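Engineer: Using the sequences plus the hints, can you model the full thing?
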Amino acid sequence: MNVVNNKWIGQRTIRPDGVDKVTGRAAFAADTTMPGTIWGKVLRSPHPHARIKSINTAKAEALPGVKAVVTARDIVDFPIEKGAVMLGIQDMRWMCRNVMARDKALFPGHPVAAVAATTEAIAAEACKLIEVDYEVLPWAIEIDDALKDGAPILHEWNKFDGKPSNIMGRLESKKGDIAVGFKDADIIIERSFATRPVHQGYIEPHACLISVAADGKTTIWSSSQGQFMVRAMTSMLTGIPQSDIRAIPAEIGGGFGGKTIVYLEPLATLLAKKSGRPVKMVMTREEVMRATGPTSGSKSTVKIGAKKDGTIVAAHGAFYLQAGAFPGSPIRGAVGCSFAPYDIPHILSEGFDVCSNRSKVAAYRAPGAPIGAYAVECVLDELAEALKMDPLELRLKNAAKEGTKAAHGPVFPRIGYIETLEAAKNHPHYAAPLGKLQGRGVASGFWFNAGGESSAQVNITEDGNVVVTTGHPDIGGSRAGIANICAELLGIDYKRVSVIIGDTQTVGFSNLTGGSRVLFASSMVVTQATDKIIATLRERAAKIWEIDPEAVKWEDGAAHPVSPNAGEFKPLTLADLAEKAPSQGGPIGASVQLNTQGAEGGFGTHICDVEVDVDLGIIRVIRYTAVQDVGRAIHPSYVEGQLQGGVAQGIGWALNEEYIYNKDGKVDNPGFLDYRMPVCSDLPMIDCALVEVPNPKHPQGVKGVGEVPLVPVMAAVANAVNNALGKRFYSLPMSPPKVSEALDAPTQQAAE
Amino acid sequence: MVQMRSGLVRPGLIVDIKKIGEMTEITETADGGFRVGAAVSGMELSEHPRFGKVWPGVLEAVNLIGSKQVQGRASAGGNLCNGSPAGDSVPAMIAAGAVVTVQGPSGRREIKVEDVPAGPGRTNLKSGEILVSFTLPPRPAGSGDAYLRMIPRTEMDIAVVGIGVSLTLKDGVCTAARVGLGAVAPTALLVEPAGQALIGSRLDDAALEAAAAACRAACRPIDDKRGTVAYRIKTAGVLLKRTAAIAAKRAGGH
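So the protein lines, in turn, are chains C and L.
One gets the numbering used here by counting positions in the first sequence from 1 and adding 826 to each.
One gets the numbering used here by counting positions in the second sequence from 1 and adding 439 to each.
Keep in mind that the hints were calculated from the coordinates and are not lab data.
From a predicted model like this one, the values you see are computed outputs, not experimental measurements.
There's no promise every hint is true.
Unchecked claim - Only pairs whose alpha carbons sit at most 30 Å apart, straight line, appear in this in silico DSSO-like list of lysine-lysine:
| id | chain 1 | residue 1 | chain 2 | residue 2 |
| --- | --- | --- | --- | --- |
| 1 | C | Lys1564 | L | Lys664 |
| 2 | L | Lys688 | C | Lys1262 |
| 3 | C | Lys954 | L | Lys664 |
| 4 | C | Lys1492 | L | Lys688 |
Structural biologist: Now the structure itself:
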């Protein structure tokens, strides 16, 4: 820890993007335009599953105003039989088929062609003129339908247990021997759970503007969680070298994991290349809901065995997650995170990746972990009830701590899980009285967090201020956090530090914004770059004073002699040294590029109160407290915002959000009216309790905070509902018709 | 306009009728009723000094159309002509006994609100006719109305069931009652048996249950993404009781 007395770290400084966003000045991807821009539109499959026998684009191309048409023929193919071509966690074999269907359309909304025309209306009209000859195939959307005998197989080449299957892969984490463990148990609880697919729900639909010049130089303005990801995927899918693609990150209107892959950029690039005109594409909300994201629906079975005193001896989880049209559901998160908060000697955690005829899932805030935690944390609640133990005490008794070996591999270093449990137990919320038809639930959660590649350039301006350039789109407050850290290190006002996000050709490679990695990783590179600058500043002052650099210290934004022994000199401020820079060795700046290591996982414990309108089956969350070990809160308002946002999304997942399919296999609620994310009035003020156990492997103690807060929520809500009603719901969402039906059921039985 | 923006309709000609005074005026009639122009926005209606005191249920229903921002433009007239069975202001207007004035090429006519909708997205207005205004009858002393809807969220949502109740009490006895029910049939409905069940009673449990039963019986809902048949029928009864209780409290407060 090189920062002790903090002036800016931990302060609620004014966010650098605030004015632009409040005044409507912030430039999102759809705000961008260029002279000569034309519009791109996508023709999408109306069928859940169909072989594409032929596509005839002649009529569309002949329509006046149409400038280009592209189909799968124009996209670089990554043949399946040649094996995986990975970009991060994405296999380009699936990516090339997801952006444009090749031999088969695998979900309603799957792109089959794209058109660029002088107006949006002409492009839409042209899409209707494209003739696609489909051989409609039987389809399966729900996990049970995709797994039953005789189910339509999406990828005929895939075999599981030697038979053609929609199970695309299996993953397990194992520790000890559960057969031995369960033998020791005095009590065993085994339950099955189901969750529905839910969308990330970013307000800004996917959008891009792309220009390809005659010499092939390509410029992309788009909304994404990673300009380098956009560049690399576009390059791989179009064949344009990365050095010719400048991907400029627009301000982003929400991502939550859903903007970690591309949908439009390769299509718009090819349309721009063919037409010679800049091409703009903006998805409608309906397209977003039908063809992007969401996260998996799931079916899970969790079995936990414990001794009478509450010691958990064995745990088994089996998690089936919908991947959508292509392999790649977040089973790693479900398998690895579900049992991670607990020190259990015998664990088997298994995940199954199940393809079905719906859009390919995209990452969503701690992908997979909330699904697993929902099942595990509900079973723990039942276990506590059966053992007549307080649910937090049960968790405390089994809590993972420093030295615990997690089933997914690591031995935990100093972690703050126990501190979150203690803080929850001691929080006034936990002891507050409850009214009639109210209930309280608790649940915990874990997320891995990530490190990885980051680059930063820190430059001292000629007038002695600072510009920091990093390479990550800011979706969670990274600019504000970096400004606090850089100002702290330099000992200057944070307002003198301007943090910007560079494009792919102006800053070094930086991996995408995801895995709660950005502040962790970018503050590491910014710290190292700033340290280099401070070394330079000390050298410059030493040279001016003609003393040894070791005799110069940097404090309060100025160089000082370390002691009177070093000499008596008036301090040289950052502005002084910047002014003298031309004659003292030139511009002052430093860049650092690292593959950062040492990201530690994060833990949270939540308390939720609900009230149930039993006549109408409506569940309302009336009080909520999120406790989380956040490492070090560099900007507490942003950290709290992350916690509150995660909780809001989890409450939506628990109570109302779901994809509803009609009998034709199409999403029946592709809009925010009937896809019910919570609105402001649905939620109480979400209280946050920040526990700070600094990450010893990070210069400021930072741990990722953005994803953990979604993990415990659905279980906390479900446990609260059970506490209120004495009735447990084993599937989500707990929507009014479903709750009402369940509440009416026993009465009917009694009447019979 | 909403349908046009979302690409559902492509009108060849658009005529702005908001500049016709009658369309946007709120007037109190000589007999003590109200005439509300079809294009009066929700915000304008809520700012009227008297309307909300006399018809709080109609006002709260009109104010539920869309979001705060949409209230600046949304009107009861648009809500009715949209033909949605789930329009919020329609059951409240039906309960209020409102009548609409319609102007067409062959003159004016008056239609009861409950006779305007013809089915989802359709009305009984003839080609060339426009909705001019709503006329709400004079209010005897001891009257109150209310509107409640069931939505899974708390705002920005569409009614799974909506119910308007208007009633008059004299010495604790209900002397007049009308019940409008929305989102449970192809059109919003006037449930006359529900009103009848309340009239003559002191709004005791038996009368409320009878009215609730009448509402349940009137339901002809569908299973859809917004709710099941069973849930809608049950909810209609629950909401009748809750809405009637609010209307009665308001009636007693006169």
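Engineer: Could you run down the list of hints and mark each one as holding or not?
Structural biologist: Going through the hints against the structure:
Between lysine 1564 of chain C and lysine 664 of chain L the alpha-carbon distance is near 12 Å, which keeps this suggested pair within the 30 Å criterion. Of the pairs offered as hints, the one joining lysine 688 of chain L and lysine 1262 of chain C holds, with about 24 Å between alpha carbons and a cut-off of 30 Å not exceeded. Between the alpha carbons of lysine 954 of chain C and lysine 664 of chain L the distance comes to roughly 28 Å, so the proposed pair stays at or under 30 Å and holds. Of the supplied pair hints, the one linking lysine 1492 of chain C and lysine 688 of chain L is violated, its CA atoms being roughly 46 Å apart against a limit of 30 Å.
Consistency with the previously given hints fails for number 4 only.
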